[in-house]
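2 protein chains.
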Amino acid sequence: MTPVGFDRVTFSDGFWQKIRAQNAAISIKNVYRRFEETGRFAALRCQKQKEPPHIFYDSDVAKWLEGAAYLQREFPDEEVRSIIDEAVNAIVENQLPCGYFNSYFQVYEPDKIFTRRTEHELYCAGHLIEAAVALDVCGVNGRLLAAMRKYADYIYLRFYVRRDAGFTTCGHPEIELALVRLYLHTGEKRYLTLAKFFLDERGVREEEIYPFADRAYDQSHMPVRMQREAAGHAVRALYLYSAMADVGRIAGDEQLIDTCRALYRDVADKKLYVTGGVGSGWFGERFTIPYDLPNADAYAETCAAIALALFCHRLAQTDNRAEYHATLERALYNSILAAESANGKGFFYENPLEADARYAKYANTIPGFPHKPLLQRAEVFGCSCCPPNLVRFFAQLGGFVYGEEGEVLTVNQYVSSQVSACGIRLSVQTDIPFSGNVDIRADGRGTLSLRLPAWRTFTHCEVDGKHVVLQEIDDYAYFEVEGSTHVKLVFGMQPRFVYANERVRADSGRKAVEYGPLVMCAEQADNGDELFSVEIPSLENAVVSCGKDFKILVPALRLRTESSLYGYSAPQKQPFTLTLIPYYRWANRGENDMQIWFL
Amino acid sequence: MTPVGFDRVTFSDGFWQKIRAQNAAISIKNVYRRFEETGRFAALRCQKQKEPPHIFYDSDVAKWLEGAAYLQREFPDEEVRSIIDEAVNAIVENQLPCGYFNSYFQVYEPDKIFTRRTEHELYCAGHLIEAAVALDVCGVNGRLLAAMRKYADYIYLRFYVRRDAGFTTCGHPEIELALVRLYLHTGEKRYLTLAKFFLDERGVREEEIYPFADRAYDQSHMPVRMQREAAGHAVRALYLYSAMADVGRIAGDEQLIDTCRALYRDVADKKLYVTGGVGSGWFGERFTIPYDLPNADAYAETCAAIALALFCHRLAQTDNRAEYHATLERALYNSILAAESANGKGFFYENPLEADARYAKYANTIPGFPHKPLLQRAEVFGCSCCPPNLVRFFAQLGGFVYGEEGEVLTVNQYVSSQVSACGIRLSVQTDIPFSGNVDIRADGRGTLSLRLPAWRTFTHCEVDGKHVVLQEIDDYAYFEVEGSTHVKLVFGMQPRFVYANERVRADSGRKAVEYGPLVMCAEQADNGDELFSVEIPSLENAVVSCGKDFKILVPALRLRTESSLYGYSAPQKQPFTLTLIPYYRWANRGENDMQIWFL
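Chains as they are written, first to last, in our numbering: chain A, 1 to 599; chain B, 1 to 599.
Hints are supplied without guarantee of correctness; some may be wrong.
Chain copies aren't distinguished; within one or between two, either way the pair holds.
As the list claims (entries may be wrong) - The calculated lysine-lysine pairs, modelled on DSSO-like cross-linking and capped at a C-alpha distance of 27 Å, are:
#1 Lys-466 to Lys-361
#2 Lys-372 to Lys-270
#3 Lys-48 to Lys-112
#4 Lys-488 to Lys-372
#5 Lys-551 to Lys-488
#6 Lys-361 to Lys-270
#7 Lys-372 to Lys-361
#8 Lys-345 to Lys-551
#9 Lys-18 to Lys-112
#10 Lys-466 to Lys-345
#11 Lys-270 to Lys-573
No lab work stands behind these hints: they were computed from the structure. Please read these numbers as outputs of a predicted model, since none were measured by experiment.
Given the sequences, and given the hints that come with them, work out the whole structure.
As structure tokens, this is what we get:
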């Protein structure tokens, strides 16, 4: 399956277009302002400051540039355009004659260039390369691509030809997938060679590792082809696996493809939050052990959910299995969407599935408390990788929607939009995620395949006004389009319980409520506190309210009265109406308790 | 109520005598050996070593000396005796002329004596004073008392008379309760004055605090009389509250007594584990917020449960309420007893209520992991306060059993033993905690009052062979003894569910099993893993097996088959027989999973 590029997909009014428009109007500018204030853009000018920039500031700006590139196509903006050009100029002008660019090392420790594996140089390079490709693809600015090709050539020279750098692979994967993008965009084979080289050299010798971590932290505990279990820092892991999927597909490397399938299975079967979040361990922001998915302590970094989506997107290019799109959809509508505030200005870095506002308040009174729960989104972080990652992700969303599989146009996500591919002009209009109605108009001649979401409770289909029983093959339904065809689909949405495998300690004996692709949650703002002891006996009488703010009202039980700390009789509860809202809308009304898993 | 001193209580064969005998034969010697190996005894000789002793080594040895004193009375042992004498000689010989003794400060930082509030000097002094009193009471060695009186006089001079020390109150309470003991033993009023001074000066000004903590950490966030919520480091807190209860009682200080009652209520109603453990937060070993009682992450330091018992013991001396003894009993049979291995050699510092062996193994692979669960007892720790605290606690257990309340002899705990008090010679024989049979023979003339345990499911009583309906007043039953009386009591024991207040997140929707005073647990060694998802629908068909190893067999349900990570149908479980053992016996068969709270 070849994804239809985001540049070929035109969004129309609907759920995602609102988010994308806000991304262009608010988020990208607000992220810019916070980055400007914190010296991230100034650092590109490579002049010594009192406070040196963080070693990964370049990557923050690069992700911003990448997002800005995508947005310029559809939402051109003079202000953003001039920021892009200035930033690109700064990079190009300050690039060393050899091609190297890093606003920290070349200014503050030029003698240490390419000597320390743990300091993100190739990670920053990777994001700059991705930005360069995006700016060129979108026709916004071609200068960065030339500069970054030069940089990539220099990396090729030092790491592959001469092999005289102080390390072989970077402590934070990213360069690998960036080099594949550069190869795909330029056709220059040596970038693919270098990407494959970085993959194959990883974990084969004892390279420098992080002092606070083990070798699995940066996936260098064994050769990547031998890795069958997702391990270590989740963003590092999933960027690496994404590159493995790319190289496996492009090189027809079955062993690498098979490794990616095994890694995906390990994540999807044992290490995935119901929200699509991954990397449960806050210490090391990492994958831990199977079924270790704590809720209040969930790390589930925003960048990790995005990286999971990128990995799924690549896996589907080799095998277009509905499951990959379903996992991407789970991450997209829940963990990823929840990471941005309703007003587009604030961002979560961590995405817990349960919030205890009292505990957060307590933790904040203790200096040195090792992991303080953040229950409010922030506009910028010291390590602010997530905000620009969200900006660039939402900006390229169109690229995850459609695919060309041989002669077949596949609809992998339902987004109100138009596309032309495989001889079909397609227009999709949908209320998803609030109702399961999908209206599809197809013109032309060809085959259309529609993914049937795993969450549907029933499927109703009319073609040109006539009810049709769908022929489902592996969760896709196929339609022959001849002339003008109108497909009306209803994917049944009812609030329903989802149960975690009982091996998940945190969710054992509990259940969550899903509605279509949405994981629902309860917030203190609607329901008062003590939400973790709320019991939902049944969803039979649940009422879905699609007013201004989507919510579901559910008859439930909660604590009745005060009682002693321990007692010999089961706690008595009283009925009340529980208000559930989509998880992605939580924490937009101040710091408060939140709950997903109920008794 | 005045407790009958441990020296007046003679234990007979039974549950506790076995533990006490092991304490004398094994534990005290083993703790000595580990302390000797780690330089704790050598430090008393006050000669500079390559490695300075920890600042609290003196307190470790002092607690050992205190325990050794109690044990010498009943289990005289030449080897232990000579260790005691040598240690006392070392202290006496190296005491500074002014009376000061501290094996760290006087050797390594003599110019810093009494300048740093956070470095345990008065804490160490307190434990040495307690040891001195115990050695004198037990007639083992009177030299230390003389030396420690001199030291206490010096503290009085510096802190109270001259007030020229570098701080006013010690960062680790202990001196306060030790001074009360010294006052009660010697009758010297200035020690009581000094104890009261230290209490009243705490929290009234901004003294030095620990860099990693807030002012509540060492209970100096407000004047102690204003404190109504248990806060901060749990051992510090409960040693402080114990001294407050002492001074309140002795001085008839109603405000102080009322404060202690409020603090007790806060602990018992909101911050107490079902095992009697307290101080749930591992960061700071402290009380956190109401109902924050995580199981796998429970800190519940052994010393904190002991300190809670000491506090209850003192509270009961002002109001002899059954509840205080019930809480002491809960801590005693569960958290405290579990802290020692079956062979008397190993000790827990932390006492979790749930063990996840796989997670512990994982955490051990990560360097710098902030809180690694310890699922096996150790013989010594870097900070090894708990092992000698257990030794001295079990050694003085007799002191917690009986009380004289006016003319009434009260039985507060049921322990096979003899005592003479209030005109009655009493002999108690019991199988508690394995069955609720208590056989009491009383001779003499007087009133006997028997605590009716909160855990009894029924009470059967025969006096001289005749069934009697008990007259209960506030959970005590009263008997007039005239000549020779034989009381046979049966306290009903059936395995029963105990429920935590639903405000306890960790236990919400779950229940534990109690049997008499014992909290039961399930271990992997008997049951396999995945114990947290075990469901106990009913205890009706539970079988109590009082063989060599006490256990309860319960029909239960567990995971049937593998299933996906998330699914729309409730998990299927299959019946099996769950083996429960007393919590205090856990972790005696290698590192394995353990569970107390079940679905």
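Verification of the hints:
Taking the closest pair of Cα atoms, Lys-466 and Lys-361 never come within 27 Å of each other, the shortest separation being 58 Å inside a single copy and 60 Å across copies. With identical chains, the CA atoms of Lys-372 and Lys-270 are at most 27 Å apart both within one copy (26 Å) and between copies (22 Å). In the homo-oligomer, the alpha carbons of Lys-48 and Lys-112 lie at most 27 Å apart inside one protomer (16 Å), although the nearest pairing across protomers, at 44 Å, exceeds that limit. In this homomeric assembly, Lys-488 and Lys-372 never come within 27 Å of each other (Cα to Cα): the closest approach is 48 Å inside a single copy and 56 Å across copies.
Proximity of Lys-551 and Lys-488 under a CA criterion of 27 Å is satisfied intra-copy only: 25 Å inside one chain copy versus 63 Å between copies. In the homo-oligomer, the alpha carbons of Lys-361 and Lys-270 lie at most 27 Å apart only across protomers (18 Å), although the nearest pairing inside one protomer, at 32 Å, exceeds that limit. In the homo-oligomer, the alpha carbons of Lys-372 and Lys-361 lie at most 27 Å apart both inside one protomer (9 Å) and across protomers (24 Å), since each shortest distance falls under that limit. In this assembly of identical chains, Lys-345 and Lys-551 lie within 27 Å of each other by CA distance solely inside one copy; the values are 23 Å within and 58 Å between copies.
For the identical chains of this complex, Lys-18 and Lys-112 are neighbours neither inside a copy (46 Å) nor across copies (66 Å), given an alpha-carbon limit of 27 Å. With identical chains, the CA atoms of Lys-466 and Lys-345 are never at most 27 Å apart, being 46 Å at best within one copy and 80 Å at best between copies. In the homo-oligomer, the alpha carbons of Lys-270 and Lys-573 lie at most 27 Å apart only across protomers (19 Å), although the nearest pairing inside one protomer, at 34 Å, exceeds that limit.
In this structure, the earlier hints numbered 1, 4, 9 and 10 are contradicted, and the remaining ones agree with it.
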